[in-house]
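Chain order of the listed sequences is A, B, C and D.
According to this note's numbering, the first sequence is numbered sequentially starting from 1.
According to this note's numbering, the second sequence is numbered sequentially starting from 1.
According to this note's numbering, the third sequence is numbered sequentially starting from 1.
According to this note's numbering, the fourth sequence is numbered sequentially starting from 1.
Any given hint could turn out to be false.
Identical chains blur together in the list; that is why a pair holds if it fits in one copy or across any two.
DSS-like mimics (lysine-lysine), calculated; alpha carbons at most 27 angstroms apart, straight line [what the hints assert, rightly or not]:
1. K38 <-> K24
2. K234 <-> K154
3. K242 <-> K252
4. K323 <-> K219
5. K44 <-> K17
In case anyone wonders, no lab produced these hints; they're calculated from the structure.
Number of protein chains: 4
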Amino acid sequence: MAAVPSDIEIAQAAKLKPITEIAKEIGLEEDDLDLYGKYKAKVKLNVVDRLKNNPTAKYIDVTAITPTPLGEGKTVTSIGLTEALNKIGKNAIICIREPSMGPVFGIKGGAAGGGYSQVVPMEDINLHFTGDIHAIGAANNLLAAYIDTSILLKNPLNIDPLTISWRRVVDISDRALRDVVVGLGGRANGYPRQTGFDITVASEVMAILALADSLEDLKERLNRIVVAYTYDGKPVTAKDLKCSGAMAALLKDAINPNLIQTLEGNACFMHAGPFANIAHGNSSVVADIIATKLADYVVTESGFGADCGAEKMMDIKVRAMEKYGIRPDCVVITTTIRALKMHGGAFPAVPGRPIPEEVQAKENYGALEEGSVNMIKHIENMKLFGLPVVVTINRRTSDRDKEVEMVHDIALKAGAEFCEPIDVWAKGVKCGTASA
Amino acid sequence: MAAVPSDIEIAQAAKLKPITEIAKEIGLEEDDLDLYGKYKAKVKLNVVDRLKNNPTAKYIDVTAITPTPLGEGKTVTSIGLTEALNKIGKNAIICIREPSMGPVFGIKGGAAGGGYSQVVPMEDINLHFTGDIHAIGAANNLLAAYIDTSILLKNPLNIDPLTISWRRVVDISDRALRDVVVGLGGRANGYPRQTGFDITVASEVMAILALADSLEDLKERLNRIVVAYTYDGKPVTAKDLKCSGAMAALLKDAINPNLIQTLEGNACFMHAGPFANIAHGNSSVVADIIATKLADYVVTESGFGADCGAEKMMDIKVRAMEKYGIRPDCVVITTTIRALKMHGGAFPAVPGRPIPEEVQAKENYGALEEGSVNMIKHIENMKLFGLPVVVTINRRTSDRDKEVEMVHDIALKAGAEFCEPIDVWAKGVKCGTASA
Amino acid sequence: MAAVPSDIEIAQAAKLKPITEIAKEIGLEEDDLDLYGKYKAKVKLNVVDRLKNNPTAKYIDVTAITPTPLGEGKTVTSIGLTEALNKIGKNAIICIREPSMGPVFGIKGGAAGGGYSQVVPMEDINLHFTGDIHAIGAANNLLAAYIDTSILLKNPLNIDPLTISWRRVVDISDRALRDVVVGLGGRANGYPRQTGFDITVASEVMAILALADSLEDLKERLNRIVVAYTYDGKPVTAKDLKCSGAMAALLKDAINPNLIQTLEGNACFMHAGPFANIAHGNSSVVADIIATKLADYVVTESGFGADCGAEKMMDIKVRAMEKYGIRPDCVVITTTIRALKMHGGAFPAVPGRPIPEEVQAKENYGALEEGSVNMIKHIENMKLFGLPVVVTINRRTSDRDKEVEMVHDIALKAGAEFCEPIDVWAKGVKCGTASA
Amino acid sequence: MAAVPSDIEIAQAAKLKPITEIAKEIGLEEDDLDLYGKYKAKVKLNVVDRLKNNPTAKYIDVTAITPTPLGEGKTVTSIGLTEALNKIGKNAIICIREPSMGPVFGIKGGAAGGGYSQVVPMEDINLHFTGDIHAIGAANNLLAAYIDTSILLKNPLNIDPLTISWRRVVDISDRALRDVVVGLGGRANGYPRQTGFDITVASEVMAILALADSLEDLKERLNRIVVAYTYDGKPVTAKDLKCSGAMAALLKDAINPNLIQTLEGNACFMHAGPFANIAHGNSSVVADIIATKLADYVVTESGFGADCGAEKMMDIKVRAMEKYGIRPDCVVITTTIRALKMHGGAFPAVPGRPIPEEVQAKENYGALEEGSVNMIKHIENMKLFGLPVVVTINRRTSDRDKEVEMVHDIALKAGAEFCEPIDVWAKGVKCGTASA
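This is chain A alone, in the form it adopts within the complex (with noise of 0.2 angstroms):
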């Protein structure tokens, strides 16, 4: 078997269409759209408008067992599942989170999936992209200058400068930056204070713009932002400081969902980046909005383990679409037999340091059976929420098939309606039968 080209080179090597014929194909015109070079484009919210009679699309929310330091492929699965509808026939949008320049430059690759799996174009991804995390970078930091310049001109709104919460970010892992000292000088400069910077994703703009359905809701929101309490107790917010309508001019770009494609031409929007571990771990609310208006089917992906960004994506996200009717018909939970093997005690796994395949791959259904009660709890916990949960297996070389087949008879017991072992691991969408 030949190699598998690596993650770049496949990326590199793939003929992508003009986003225009992407766009037209899912039934936007041209005036649709705010162009970003040739591959990329700002779809614009007005299109919510004309599209609002069309049918709504079926909602699939893809996560995964408690994740490991190894991945599991939650991404990878969503674009396999994408391109496998399409391939199918059936009409099928991909909607994801939109990666941060900061950790490219340092451990994590990008995050654009993965081998055949992948949204392109790749590099713009993982640079600048549309600039939505410049302009939420802007919008934070504006936010912070203005609470440092309200104290510093007679403090007007009375706050506590030790109850200061609202950090600045810098879109680059910069130590350095984590704590500091700012308002050192004197008077020309300000009040000395101790705060830090957070890499931008971080920033509470982020899970705001995710979470907003218009630009009135977001300016809304912004509003809402509480920055520091004053002296007596009393919350401070953006809106108090009169900032949030500078912070939405400057996110009035940002707003818009990013169209780009699947390495197979399928439409996918990636929008807004907000962490699971710090706010709600899912892509953007406006452009679930507009992909279910346009495909059958649309995908989507909430981050960490299910027990995470799922529950977060019905208590959080869920509501913020609700007047739009839009909420998950099915759960698909990712799972590896590695990771399973791992969660039984197989072989212990420390961030940043690399196992053997010997030692993946080793044999040990003992360990598989006992890892398999973390599955079997996520299955229970998204049946929770009245859904049918299909698992997928990300299926490895390694794999023998009878641990695919111990995996599948321990998810259908616990209640999975569906699990399939997918191929799409550095070789391609096999996944053909999936089905929501």
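Position chains B, C and D against the provided structure of chain A, taking the given hints into account.
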């Protein structure tokens, strides 16, 4: 006479042509462009090669007498001159600097001309535009992070932290960041260091972007950035830190010049915006290289007075364009009656404090004559470069004919080839006869 | 019964003997002293040599059960025991720790006993006393200055600033100095560094002063102070910094033990005051060396509970006195009915919040018995050192005879040689029969 | 001629009288003293009352021409003059400033005279002495802690942190503390603030201690210390902070003047040491009040040149002693041939760089004459206060007789009553004829 609408009213009322149409009119094809929405595009650098056999345009540099806090109207004059040249049938393109977002939320207005001498789309220009400044900020801050990280990771380059001159940047006027201590919180974060943030346009990366004539040249110039010294007093560069490659990657789109339009639908390259006080104060070399191959006349502008921006044009920017044979054919010195009177002591000017119209307009021929020595010296200076000098009087409604004549005579006597009152100020372009 | 006067009223009403008289009574001559006013003196270390053939006193260490926020009265017991021994004709000297000025201006009272069991002159003791703590602060801070200066002056010792564990000190409770950044302002001032100030008595110099048995030993111990590590992980000492000589010069008077008196005019050496939680919690070795040559009985005190200060006495201080043959002959464990009840759960104690008398005094034999296991364990621990253990019940007015008897019986059963209720608490010494 | 021993050799070889003997010789009793070892004592302030009917001594202020980095010998002259007066049978006491410990470990030597004109015990003086500077440091830093604590505890005085001018002090030259940020680490520690540490003698508390004539006056002066301003621009004092009482308690011993002796066994009050550049530069008022009641002549010294310390003596210190009727009867201006030549341009002086003996000693009458205008002006200035002026030439071995005569003649011509070469410099006192 009806009141002149405000700048923003004029800009918003403007009917823009699609940028693809503007491009076509100057000889660019759609594949030469990366669109950023409908009215902005980046022009790919590879057009330089295709156009290299075209004749080179006449190249006009607009500068000014020593500027006052009131502004003399260099940009207004440059745009007006471009409109005028086109109106009389000359094919003219204007190349100007792009503004910082920072000041937009502060005191100064945007930097896209004024009245009927503007370039558009105004709001986009004043916000994220095509992301150049974000890219510069990211590249600048990546280098800053590399410095602190290198020191933290056993300081292999032997950097003396007290010698670090490379500061971080932010695209907002944020006083609290001017003087900060970074790296607090222990070994996980770094060695504490006192440093600060500048506004992004003040980054050396901006100056470099404006001078580089290709991506390779950009990388070469980034390589040579000196950020600190070793304990032995040897310079430490971005190349030593192995950061310049990543910086160039971040700037790969930013180096492509931005194409927009004037209010009358003529082509404008707005690209790079180094300040004239801390850098060389002229728009990008690449924009001029392309523009001079597409037009009969290229009008550009040098920041501050002729002794600052225009001299730096000759000493720095022209050298970077030497192999392209681009060199000003004419220098335009902008002046106003008001500024000359102020230079002559008619009234003081304090930044930020408006001067009543009746004070500005008061008759004072003595002060006007005395202040004109400033203009005379600038004319003399520019003539030392062997260039024909044109003086334009940016005429205001309150200027007396006798004042204009007086300045006209002084200018010609001082060696200017030509002195013409123009009337663009809030009234539209009437300086139809200017020629070079 | 007349109200007992406050501690300060009792102290101020006391008629003190000149310290020269106290000295004479224990066999010291005027030339052995450096007077600090009329009632304080430092005893020169050279007396050790003159007295070396004197017999060595019995050495009694007063400690306590696990202390509560209410205080069990170790110092009160130690002073009372000394007064009592002298009253029955035994020549007894008390050796205790000197207090920090810091807490005087904070919550805690001074640390010179209470009621009629005090040492005097109280106010002097609680302010500058004989300057020992100022000298310790100066020596500590000189070393800190040497460290930063060495780094600034080309760092010849290759100190890694992030490893510096030596902090500065101040003899005031000054929270704002706990976490600071020093070295701001550029090369004239140094390399910025995050550090902090501790209270002076917490300095390692204090612990060293308490353990050194001569000026030479002091210098040797100062030499060995580790302040930081090199970039290669090797320790950097005060000797490496060539600072220990100057530190010793600053401490040349401080090492001489301070002589004061009890309220009944018996000699008290009050010298050095290391905390028991961060250091070894016992008064100075030199004071004990001298006192044991001048008295029949020397009473000293170990900070906190027996498991802390008294074990450190055995493990650390006794070793430093090994060549002088000084070793406790008896351990006194101080207890109160109130504390035992609290350990038994009768009522909770929150630092800083007073407990109403009626709550403290409430009958609760179950809790008293249960809490007594604390005392039992401390008795067992101390017996492991092969020492006779005496328990004293620091009796309060509200204690019931039956409670006292109960504790008495438990103590004897647990192996204490002797258990005696004493009645020093605000009433004067009555524990005349204690002996060792 | 045998080599003159070094200052420290001379000081250590000195045979000191017990300080009680010195006290007795000037009329003080043992109860008037608080001894600090055998050779230092503090004199209790209540002696003022007992001595108030004694006649008041003649009061001589020793100052200098504009000083050079080489030092002109004010203290040496003052001591020498005192020794001389006593040698000729006059009862004279010297009152001088006490030195800072800080510089001892830096460049400068101690400040107790030199050669055979010293006061002793030298080492004690240069280390902790009687703890005055420690007490001043503690009082200064207590106030600083009160300020930050007040701000932290809801800022009842409405202090604007950016207006705080009260800095902390340390009695060591510690550059790293000059510019610091305090209050890091969150609410437990305080509001961050940029501030710094000065050397203790530079504290305003030192200036106050030097001017107060009683403990009550001290408290009153402490009350009036302005440490900051409110947000409304009103001053905030130590009294407002309720800190002055505690400060006075810390200074209750420090206000008592210190009694030591000269090498020839004459009494010296060495008390308080404010710098002349930032404070008033004269020793304490209380020392002079007591000394003038105990002697026929009191010699004191004013820091820097006559235009600085001596004018501040007249304008500030004399006013604080007004009710005691103490006012200089004579001013002595110290000069050297060397300094006058330098003022005349004979050679430059750079602080810290020694000037070769042959350069200093080179014959240059022109420069000497030209430099003498400096002396002339100081003589004139001092005469404006209506005082007789004596010039002393602190003669060096290399001075030529003709040079000395020349200066002598110039001084008399300028209005000095008297001009005498003295020969104390490293040779012993010979200026026996000086009188006032």
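Which numbered hints turn out to be false for this structure? none
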